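What follows is the residue order along each chain.
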Amino acid sequence: MKIVVPVKVVPDTAATLKVEDGRVTWGDAPLVLNPWDEFAVEAALQTVEQHGGTVTVISMGDESALEAIRKALAMGAKEAVRIYDDALAGADVRVTAQVLAAAVRKMGDVDMVFFGRQAVDGDTGLTPMYTARALGWPFVGLVSAFTEMDPAGRTFAAERSVGEAKQTIQAPMPAVVTIAKEFAEPRYPSFMGIRKASRAKVPVWSLADLGLDAPAAKVRWPEITMPPKREVKVEFIEGATPREIAEKLVDKLIEAKVL
Amino acid sequence: MSKIAVYVDHFGGKAAAASWEALTAAQTLAQGLGGEVVAVVLGQGVDALAQEAAARGPKAVLVADDPALAEYVPDAYADTLVALTPAHDIAVWVFPTTMRGRELAGLTAAGLDVGALPDVTDLAVEDGKIVAIRPVYAGKLLAKVETEPPAVVTTRVRAFPAAEAGEATAEIVSVPAQVSDTAQAVKSLGFSQAAGGVSLTEASIIVSGGRGVANTDKVPGDEKEKAQKGFEMLGELARLLGGALGASRAAVDAGYISYDHQVGQTGKVVSPDLYIACGISGAIQHLAGMRTSKVIVAINTDPEAPIFKVARYGVVADLWDVVPELIQVVKERGLAKEQA
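Just so you know, the protein sequences line up as chains A and B, in that order. Position 41, counted from 1, in the first sequence is what this note's numbering calls 41; the numbers after and before it change by one each time, with no gaps. So the number in this note's numbering is just where the residue sits in the second sequence, counting from 1, plus 259.
You may find that some hints are simply not true.
[Claimed, not checked] Among the chain A residues that face chain B by a calculated CB cut under 10 Å, a handful are: (1) P11; (2) R94; (3) F139; (4) L142; (5) A157; (6) L249.
No lab work stands behind these hints: they were computed from the structure. If you're wondering where the values come from, they're calculated on a predicted model, not measured in any experiment. The C-beta atom is built at its ideal place from N, Cα and C for all residues, glycine as well.
Isolated chain B (complex conformation) (with noise of 0.2 Å):
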């Protein structure tokens, strides 16, 4: 029976909670398609992370537990994604559109000579053909896209519900692992420290900050010194919520903090369930990178701000006076998900 695989993205350890939602992806692939669906594990000691996908409800978690691929090598690991699919009769692919995931899709597909369908929000089989919306233009217009299978697809993160864990069911299959003399010779020379705190894009709360974060007199400083005090004030209530810190283009072209943190059309496109946009005046880029979260909240001084325009509560107010009674309000009422 030819499978529908997911590819497990894991970092130290850790699996990327999208994968699961790529094997809900994976599921309706299946039915439409015919198939079985089967997760993929690449890595070293990697037991933890088969167990954990076998909860998810594939029929099989196929296993390369490799010394060679230890270090995570986009090229070593895409080659033997490659080698798995005629050996295991993988029809088609599909990658949650993390870092490493978009990166091992592409290479995967190439590698197999198919068509890919990146980042996609919503899929569906017709006529044996996969059907899939994805936001194009940082997400200002959609565009329908379509293969046959072999193919491989990604899906866009947090753009479907993650499959739920039970029992430990599936069969666990050992695979080789499948280097090549190319990527024999790229080398991981390391990990610099992670940056630590909740990703961006997976983060189902963000609070983010604009220009207007060193617009106040409430603090003594410079311009600089201003915004790094209003960061901070920010990236505690995001913390508080379990969140993710955010910033506009402008806060990071002005210095104010790094451009990790930049959300929108050259930064990340992010879709969480709350979005805190704390003196930003919502430009078209920012807001094509925001737009489609679930619940906007806009705090700006500015009523005529575009920032309204996609809002769903909005706080005409100055944030160094509200910004600190949210964060005292989540404490009192016991909403806090982690101490700051």
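Looking at chain A on its own, in the form it has when it is part of the complex (with noise of 0.2 Å):
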């Protein structure tokens, strides 16, 4: 099987985040592997070490994006591609799709996709749809498990999750998919691994090399700002024993109007 991955790069969850002359800033924190695409490599490594086959990451971006492809290269996948072009700059969720389609095409025979659910800068998650349309195949979202991979018969066949319940949908290949948290915990990079993709060399791809002109852009981001600062003074509650201040604590939360 040939899966391929596309990955984002960006600032640790951990990181203090702000925002300076319009740019958002996150002082000297990390750059990082989206935590969401973890699962989606994860995912693809199991399924070629059940199945056979390779998985390719890739990711749009700057020299930042290696960031990503190399934590993806030490867990395990084989092959990258960066994709960048000037012309690139402030592409919106459908103009990368179109990309990462394009990209998806010219390597050829490739049999799944597997995307996290949304990055956690962006938190749009709409990368996957727009991309299995791009591409006119079906999409299954928020996969846990795998309940069928067959590749040889064309079909597979996945748990997955709308909210209230679990559903197990059924689709041809080539297929589109995200993985979610509960497919399985990613795997540690062996140290082995971090050798290999820390010497790792990955090709650039422009886009005269997917034969596609600059797509413009539909979504503008004129401004991030930060949100207004709360101003909450927390009020303790106090008493002489846990019953008193269970009962001054609803009278507070009754008086606010919450219970």
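Hints given; two lone chains; assemble the complex.
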């Protein structure tokens, strides 16, 4: 099987974010592989371990994207491609998906594309659906397990979350899926894996390599701001006994109209 | 007249309340852009849902009641929505940001080749553009985003007031299902037992537990057994209040409770009226997932815990002392919404 995992580099989730001159900054916090993408890489690796094949990671972005790519390679992905073009500055989700779809087509013979559910920076979670439609492939979101994987028969079935329940969906290959956190805990890269990944040469594809004209974004992000500081001053509830504390707290919550 | 269409999300015959919130946002767009609001219901045997939608203020309800839509399949539903768009002159689609709403929004926007503004908490029309505010970085920052119609918007659950129910005056219009060959090849093989209880993202009250839940000498057993009893107790309080049970990532990672309860940056982002954090220290990733809650109560033995920085009311005490008393007080004062 040939599985492609698109990944994104993001600031570490523990970073303290600031907006300076309209740009998001995170001090000296590291850039990391988007945590949701780790589950997609893990699921792809497990799938090829069971059914044979290769996992290829792709990432669109400048050289900082290599942080994400190298982590995925260190986990065990075999190949990687970075897509970069000056004309992609300001790309929206739709443009990103068109680029990713073109890259998948260029690779050829891809059976499945595994995405993380969303990136922890933009939080849109729509790139997978746009990519599926750009490829004309079925889409199955939030997969927690594959109940069937039959590359020869060109079909698979997946258990996935719809919020209130789990749904089992069967679909033909090729297909685009997103992987939920329940799928499996992502593996830690081995020492050998990290060494290999650090030496890997990652080819860079431009829009011309993909045969695309610079697509125009339809969605613009004119401004990013810090949320208004909540003026909360904590009021400590005290009492001689837990019972008294509970009574006082309930009084306060009724007063605040939340009980 | 061009239309603003709202997708009415439903599961098991019940409409997601967030659909009515999307209707409110759609009315704002209709006023700014001109045009009228329609609600769209897909499925099989959805008369009651269509009637319910008709009472929430749209001009019309478009209903595709068709065996091909009997089981929810995202591609089939999205194909039908895409096909409806030119046929009914729909300029903007509004979806509630439920799990189904989000995936249908993405597939529909892509199918129409238009831009999408997902998970917005506020929106307006300026010079013919749709301008929206959406939380990014799990709500640590806010982004202003904009696009021109035609477009797709999804509204964050609980960010807009629900359109109120009145008389079902809207016209019900039957529309066809439209399922492409690709989508026809995708089959729903069934649904597992629904988890039950109140969904975290829609709950107006959440009782949440962290590592501190297992940190007690008040109950016997090992760490896991203590944690289990602790979350049972928090779950009882949540049920009594008609709310949902949450957890910190630390508690989930320690194996105290399953991941579907996790609140935070890599769990669910919630914004209830009342969030009661028990034994949660307040890591930045957790705060990102719940800091927009209207009233936050923190119960923690450590007065220096960061959770107190976002809390309106703080209790420096052992949750094992306070929560049982809270349960008693809620019962005695008749505040319980449900028998636990």
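Results for each hint:
Hint status for P11 (chain A): holds, given a least beta-carbon distance of 8 Å to chain B, under 10 Å. A least Cβ separation of about 6 Å between R94 (chain A) and chain B falls short of the 10 Å threshold, and the interface hint therefore holds. Checking F139 (chain A) against chain B by beta carbon gives a least distance of about 6 Å; that is within 10 Å, so the hint holds. Hint status for L142 (chain A): holds, given a least beta-carbon distance of 7 Å to chain B, under 10 Å.
A distance limit of 10 Å between C-beta atoms decides the matter here; for A157 (chain A) the minimum to chain B is near 6 Å, and the interface restraint holds. A least Cβ separation of about 6 Å between L249 (chain A) and chain B falls short of the 10 Å threshold, and the interface hint therefore holds.
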